[in-house]
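Number of protein chains: 2
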Amino acid sequence: MSVEKETEEKIFEAARTVFQKSGFEGARMQEIADTANINKSMLHYYYRNKDNLFFEVFKAGVKKIVPQLLAILDKDIDLKTKIGEIVEFYYLTFKEDPQLPAFIIYEMNQNTTRFKSFVKDHGIVLPQSYIDQVNTAIQAKLIKNIPPKQLLMNIVSLCLMPIVAKNMVQMLFQFDDDNFQNFLNERRQIIPEFILAGIEYKEVK
Amino acid sequence: MSVEKETEEKIFEAARTVFQKSGFEGARMQEIADTANINKSMLHYYYRNKDNLFFEVFKAGVKKIVPQLLAILDKDIDLKTKIGEIVEFYYLTFKEDPQLPAFIIYEMNQNTTRFKSFVKDHGIVLPQSYIDQVNTAIQAKLIKNIPPKQLLMNIVSLCLMPIVAKNMVQMLFQFDDDNFQNFLNERRQIIPEFILAGIEYKEVK
DNA sequence: GTCTATATAACGATAGAC
DNA sequence: GTCTATCGTTATATAGAC
Numbered sequence: 075m076s077v078e079k080e081t082e083e084k085i086f087e088a089a090r091t092v093f094q095k096s097g098f099e100g101a102r103m104q105e106i107a108d109t110a111n112i113n114k115s116m117l118h119y120y121y122r123n124k125d126n127l128f129f130e131v132f133k134a135g136v137k138k139i140v141p142q143l144l145a146i147l148d149k150d151i152d153l154k155t156k157i158g159e160i161v162e163f164y165y166l167t168f169k170e171d172p173q174l175p176a177f178i179i180y181e182m183n184q185n186t187t188r189f190k191s192f193v194k195d196h197g198i199v200l201p202q203s204y205i206d207q208v209n210t211a212i213q214a215k216l217i218k219n220i221p222p223k224q225l226l227m228n229i230v231s232l233c234l235m236p237i238v239a240k241n242m243v244q245m246l247f248q249f250d251d252d253n254f255q256n257f258l259n260e261r262r263q264i265i266p267e268f269i270l271a272g273i274e275y276k277e278v279k
Numbered sequence: 075m076s077v078e079k080e081t082e083e084k085i086f087e088a089a090r091t092v093f094q095k096s097g098f099e100g101a102r103m104q105e106i107a108d109t110a111n112i113n114k115s116m117l118h119y120y121y122r123n124k125d126n127l128f129f130e131v132f133k134a135g136v137k138k139i140v141p142q143l144l145a146i147l148d149k150d151i152d153l154k155t156k157i158g159e160i161v162e163f164y165y166l167t168f169k170e171d172p173q174l175p176a177f178i179i180y181e182m183n184q185n186t187t188r189f190k191s192f193v194k195d196h197g198i199v200l201p202q203s204y205i206d207q208v209n210t211a212i213q214a215k216l217i218k219n220i221p222p223k224q225l226l227m228n229i230v231s232l233c234l235m236p237i238v239a240k241n242m243v244q245m246l247f248q249f250d251d252d253n254f255q256n257f258l259n260e261r262r263q264i265i266p267e268f269i270l271a272g273i274e275y276k277e278v279k
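First to last, the sequence lines map onto chains X and W.
Just so you know, my numbering puts the end of the first sequence at 279, numbered straight through with nothing missing.
Just so you know, my numbering puts the end of the second sequence at 279, numbered straight through with nothing missing.
Please note: incorrect hints may appear among the correct ones.
Put simply, identical chains are the same to the list, so a pair is met inside one copy or across any two.
Using 16 Å as the maximum straight-line C-alpha spacing, the simulated EDC-like pairs for lysine to aspartate or glutamate come out as follows [stated by the list, open to error]:
# : residue 1 : residue 2
1 : Lys124    : Asp251
2 : Lys218    : Glu274
3 : Lys223    : Asp250
4 : Lys223    : Glu260
Treat the hints as calculated values from the structure; they're not laboratory data.
Turn these sequences into a full structure, and let the hints steer you where they fit.
Here it is in structure tokens:
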């Protein structure tokens, strides 16, 4: 009958906060317990150990980033629209959860195994439809010649890098938090324009 | 008279290896000692504690990435040449030291203070000459309208992101190490072309 | 400068009462 | 399910002989 969150969920949310802030090695079980406002031994009761708890947080993070990207790439829509959707999706996702991409990318470099099982379980594959779409556009001379994976790498780089390197960017550009958020917001328009010009995109009439 | 590296230097090199691989929290003083092939207490003799040793490694890393970028930005050369030099500089630097950018970017997000003292000591500032150069090119209609900081963000994103997200990229694109290196090599040409088209760069005759 | 031995503290994890 | 108390381990760091 309680309207409060279940203990297990409270623990998970706290773990998400602490792991994303400090990483696996930097995170402390005690800090997770304090953040969740529960007893430390409850962490072990529900999740057995630190590795387990971490992996749940990690998996949830990957799920928030990767499948949606692949789904957009697989959509039967114009390339221009597709690029716009990716930029918007990442902008909105990381506005809510700014530490997520740095967390996932860093932890994946630390331990590839963690991700491999995830890829296997969820059938994570770059959609062939996207590859075909880009190659077709190239042959039709609608865009200039660029390998589809390179194009995707460019799109994702432009979206993620500023957020992954937040402190570095703020420091070099002397941005406070407001300036930084405005900078990101400005990119919602700049990135699609930049990419479309970069591939010399020509509209289909 | 010894041709071997001094102990202090051996420690530093080992610390660089271990810190860049595992991060500050994940690094173990014992592993650094083992890597350097010296006794663990020597670490404290030369560097007093872990924080100190880490900060030396961190500072050296920042020095390898930031001042050179600012120096290129400040050069009195054509914008096209400038972009090409940045791309080449980062490609060559990270071919030798692939874990460096992820290390610096991650640790900077963990602890801004570490970097602030560095910025202060080294007078790290985005050169006004670069800002002026871009704005002048925009007014002369040589490139399309884009804030100079946004353009720089794009350049750096395209160079660094694939290396920072190495494992993620390899996984999603199903690249082995050779494929990945070829992918990066291919970008030496693709990135400058993409950027110049992206800003609709027009050569000065 | 370099070693062995050890102090000290923190962390993940568990046992057991309720 | 939830708590207190505590175990066992591992980490950084230091003391002191050589």
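**Prompt:** Looking back at the numbered hints, which does the structure fail to meet, lowest number first?
**Reply:** Hint 1 is the one this structure does not satisfy, whereas the remaining hints hold.
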